[in-house]
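J.: Working from the sequences, and respecting the hints, build out all of it.
Same order as they appear, the protein sequences are chains A and B. Anchor point for the first sequence: position 245 equals 245 in this note's numbering, and the numbering is continuous, going up by one each time. Remember, this note's numbering sits 266 above the position in the second sequence when you count from 1.
Bear in mind the hints are in silico, worked out from the structure with no lab data behind them. Idealized CB from N, CA, C, for every residue including glycine. Worth double-checking, as some hints may not be accurate.
[Claimed, not checked] Footprint (simulated), chain B over chain A, 3 or more residues, beta carbon under 8 Å:
#1 26-39
#2 43-55
#3 209-219
#4 253-261
[Unchecked claim] A few chain B positions that, by computed beta-carbon distances, are all more than 12 Å from chain A:
#5 V285
#6 T291
#7 L299
#8 G491
#9 M499
#10 A504
#11 G508
#12 Q545
#13 L597
Chain by chain, the residues:
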Amino acid sequence: MNSGLEARDLTLCYDDRVVCHELSLQIPDDRFTAIIGPNGCGKSTLLKALARTLRPSSGQVLLDDRPIGARGSREVARRVALLPQNPVVPDAIRVRDLVARGRYPYHSLWRQWSPGDRAAIDEAVELTGVGDLLERPVAELSGGQRQRVWVAMVLAQQTRTLLLDEPTTFLDIAHQFDLLELFARLQRDGRTVVAVLHDLGQAARFADHLVLMKEGAVVAEGEPEEVLTPDLLADVFGLRSVVVPDPLTRTPMVVPVPSSVPAGTA
Amino acid sequence: MSATAPRLVRLGNAVAVPVTRRGMTYAWSVTALVMVLAVATLSLGDLGVPLDHLPRALTGGADGAEAFVLERLRGPRLVVAVTAGAALAVSGSLFQTVTRNPLASPDVIGLTAGAGAGAAAASVFWSGAVPVPVGAVAGAVSAAMLVHLSTGRGFSSPSHVIIAGIGVAAMALALIQYVVLVGMRDQSTALAGYLAGSLSARSWQHAALVGAALLVLLPAAALMGQRLRLIEMGDELADALGGEAHRTRFWSLVVAIALAAAAVAVAGPISFVSLTAPQVAKRITRAPGAAVLSTALTGSLILVVADLAAQQAPVVRDLPVGILTAGVGGLYLGFLLVREWKKGTL
Numbered sequence: 001m002n003s004g005l006e007a008r009d010l011t012l013c014y015d016d017r018v019v020c021h022e023l024s025l026q027i028p029d030d031r032f033t034a035i036i037g038p039n040g041c042g043k044s045t046l047l048k049a050l051a052r053t054l055r056p057s058s059g060q061v062l063l064d065d066r067p068i069g070a071r072g073s074r075e076v077a078r079r080v081a082l083l084p085q086n087p088v089v090p091d092a093i094r095v096r097d098l099v100a101r102g103r104y105p106y107h108s109l110w111r112q113w114s115p116g117d118r119a120a121i122d123e124a125v126e127l128t129g130v131g132d133l134l135e136r137p138v139a140e141l142s143g144g145q146r147q148r149v150w151v152a153m154v155l156a157q158q159t160r161t162l163l164l165d166e167p168t169t170f171l172d173i174a175h176q177f178d179l180l181e182l183f184a185r186l187q188r189d190g191r192t193v194v195a196v197l198h199d200l201g202q203a204a205r206f207a208d209h210l211v212l213m214k215e216g217a218v219v220a221e222g223e224p225e226e227v228l229t230p231d232l233l234a235d236v237f238g239l240r241s242v243v244v245p246d247p248l249t250r251t252p253m254v255v256p257v258p259s260s261v262p263a264g265t266a
Numbered sequence: 267m268s269a270t271a272p273r274l275v276r277l278g279n280a281v282a283v284p285v286t287r288r289g290m291t292y293a294w295s296v297t298a299l300v301m302v303l304a305v306a307t308l309s310l311g312d313l314g315v316p317l318d319h320l321p322r323a324l325t326g327g328a329d330g331a332e333a334f335v336l337e338r339l340r341g342p343r344l345v346v347a348v349t350a351g352a353a354l355a356v357s358g359s360l361f362q363t364v365t366r367n368p369l370a371s372p373d374v375i376g377l378t379a380g381a382g383a384g385a386a387a388a389s390v391f392w393s394g395a396v397p398v399p400v401g402a403v404a405g406a407v408s409a410a411m412l413v414h415l416s417t418g419r420g421f422s423s424p425s426h427v428i429i430a431g432i433g434v435a436a437m438a439l440a441l442i443q444y445v446v447l448v449g450m451r452d453q454s455t456a457l458a459g460y461l462a463g464s465l466s467a468r469s470w471q472h473a474a475l476v477g478a479a480l481l482v483l484l485p486a487a488a489l490m491g492q493r494l495r496l497i498e499m500g501d502e503l504a505d506a507l508g509g510e511a512h513r514t515r516f517w518s519l520v521v522a523i524a525l526a527a528a529a530v531a532v533a534g535p536i537s538f539v540s541l542t543a544p545q546v547a548k549r550i551t552r553a554p555g556a557a558v559l560s561t562a563l564t565g566s567l568i569l570v571v572a573d574l575a576a577q578q579a580p581v582v583r584d585l586p587v588g589i590l591t592a593g594v595g596g597l598y599l600g601f602l603l604v605r606e607w608k609k610g611t612l
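T.: The following block contains the structure:
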């Protein structure tokens with residue numbers, strides 16, 4: 001089942017600081033993987049390496065069993081898309097033009113428009129529901145609208161795999177759910193989705209595969225029920241909690257134990 | 267609602283470059299304007315070639331005083347204004363795009379000051395041995411290399427490039443002041459004109475130098491346009507889209523430095539064309555990214571206007587053209603700063 005993305009003995013550094021040490025991980029195809037873990041545990045760094053935007057110090061990332069670093073940058077960009085945490089909105093750009101930039105991997109020096117562009121952009125616009133915004137400057141949009149436009153840009157890239165770095169962080173709860181529903185739908189339509197998420201309940205509800213990280217290493221991975229256990233959460237987050245089933249979806253829901261409740265009673 | 271296909275400039279199946287109607291209109295309008303001003307530059311004033319003589323004079327039928335004005339006085343000067351303006355503008359546009367900073371330009375990163383210092387040293391210390399333009403190019407390239415070395419990470423971090431550039435510019439200005447102080451009086455006076463940027467007494471050799479640089483570097487800049495548009499969205503996204511941010515930034519800056527060095531060698535460190543032209547072009551065409559053609563034409567326009575004023579306008583007549591562009595540019599810079607400040611991004 002695994003022909004897609006794989007990290008093998010990956011060591012990742014910023015300058016001299018080692019973030020991940022000999023990490024290995026297989027991203028399951030056609031599923032929604034959520035990478036969770038405390039701040040600074042290397043989630044985003046791992047995502048960057050998977051997207052070929054950070055060169056590993058040692059080890060390699062394999063895409064379809066071939067090292068990603070040995071492949072052309074555009075070739076990889078037609079297969080894997082990354083939505084970073086803080087993309088920059090270019091001055092005065094309109095939604096239409098921003099979405100169209102996702103088509104770069106299909107262009108060449110002289111051909112800056114390819115025949116598939118129009119259908120790809122239309123589809124991305126349709127999926128994200130930004131059709132009414134096409135002529136608007138991106139800078140004028142609300143946070144939720146803007147994030148949808150970025151997702152549309154990434155979808156216009158027409159990759160089988162989507163890597164999303166904290167895609168919901170700055171949004172209100174309604175927009176968060178909105179986007180997560182969209183990602184879940186994209187996965188059902190046949191894409192592999194990998195997202196760094198902070199909200200454990202949301203991760204459990206929308207993702208079907210969780211990767212729990214601590215200090216640059218993968219501590220646990222599997223179904224949400226296997227990963228979100230009080231013991232693992234205490235170990236990784238230093239958080240006392242009980243895990244109960246979500247009343248609507250039956251997926252695990254983490255309830256932190258307040259300090260006013262003495263140990264042993266929860 | 268459908269995302270309609272953009273208008274394309276096509277050449278068979280191999281070339282397809284999207285253009286906007288607005289961008290085309292702007293390019294044609296500015297071209298027309300530059301041509302009108304070119305005619306004015308050649309025909310206005312006491313020495314001007316009268317309008318009805320101009321067609322014949324331009325096709326080789328000029329003689330006597332008219333030939334002298336056309337071939338020695340105003341012709342080269344006009345061509346230098348058009349080409350140097352374009353070179354400075356595109357250089358500025360590249361700087362601004364790769365640093366994602368609308369205030370970046372060869373002025374700000376110390377390139378023009380370096381060129382000035384090189385020219386100053388050449389004219390005062392090695393007068394006769396080193397031609398001033400050669401000194402200018404050497405100074406510009408040294409400044410760029412100093413910036414590259416002193417950031418500790420080359421050109422990869424925009425904010426480091428700008429901070430290092432400010433330091434290099436300050437050192438270069440100090441060197442200029444030192445040279446002017448110790449230099450002989452007459453040389454210093456000629457130098458003062460050069461340091462403000464001037465187009466008077468240019469020759470066809472000057473025009474040819476910038477022209478040749480443009481011929482090579484403008485297509486290079488245009489070809490990098492696509493990748494530069496990706497860099498605008500941040501290095502990470504540019505890399506993820508296959509845009510190779512670091513390599514693109516490095517080569518863009520090499521092209522930008524070469525363009526600025528060519529212009530500065532011939533016309534002196536003319537201020538603010540490189541800062542303002544890209545911003546003006548961007549705002550009017552509403553095209554994000556480095557639209558090379560519109561930017562180049564805007565630079566030509568600004569410099570031709572300023573030089574026409576330097577030749578013909580009352581009050582400012584005979585001032586070095588760099589002072590005029592600095593006057594206009596200074597106002598514009600103020601406007602930009604206020605705008606950034608209001609947006610809270612400064």
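J.: Determine for every hint whether it applies to the structure shown.
T.: These are the hints, each one checked on the structure:
no. : hint    : verdict
1   : 26-39   : violated (count 0)
2   : 43-55   : holds (count 4)
3   : 209-219 : violated (count 0)
4   : 253-261 : violated (count 0)
5   : V285    : violated, 10 Å
6   : T291    : holds, 17 Å
7   : L299    : holds, 23 Å
8   : G491    : violated, 9 Å
9   : M499    : violated, 5 Å
10  : A504    : violated, 9 Å
11  : G508    : violated, 4 Å
12  : Q545    : violated, 9 Å
13  : L597    : holds, 20 Å
The structure fails hints 1, 3, 4, 5, 8, 9, 10, 11 and 12 (numbered hints given earlier, in ascending order).
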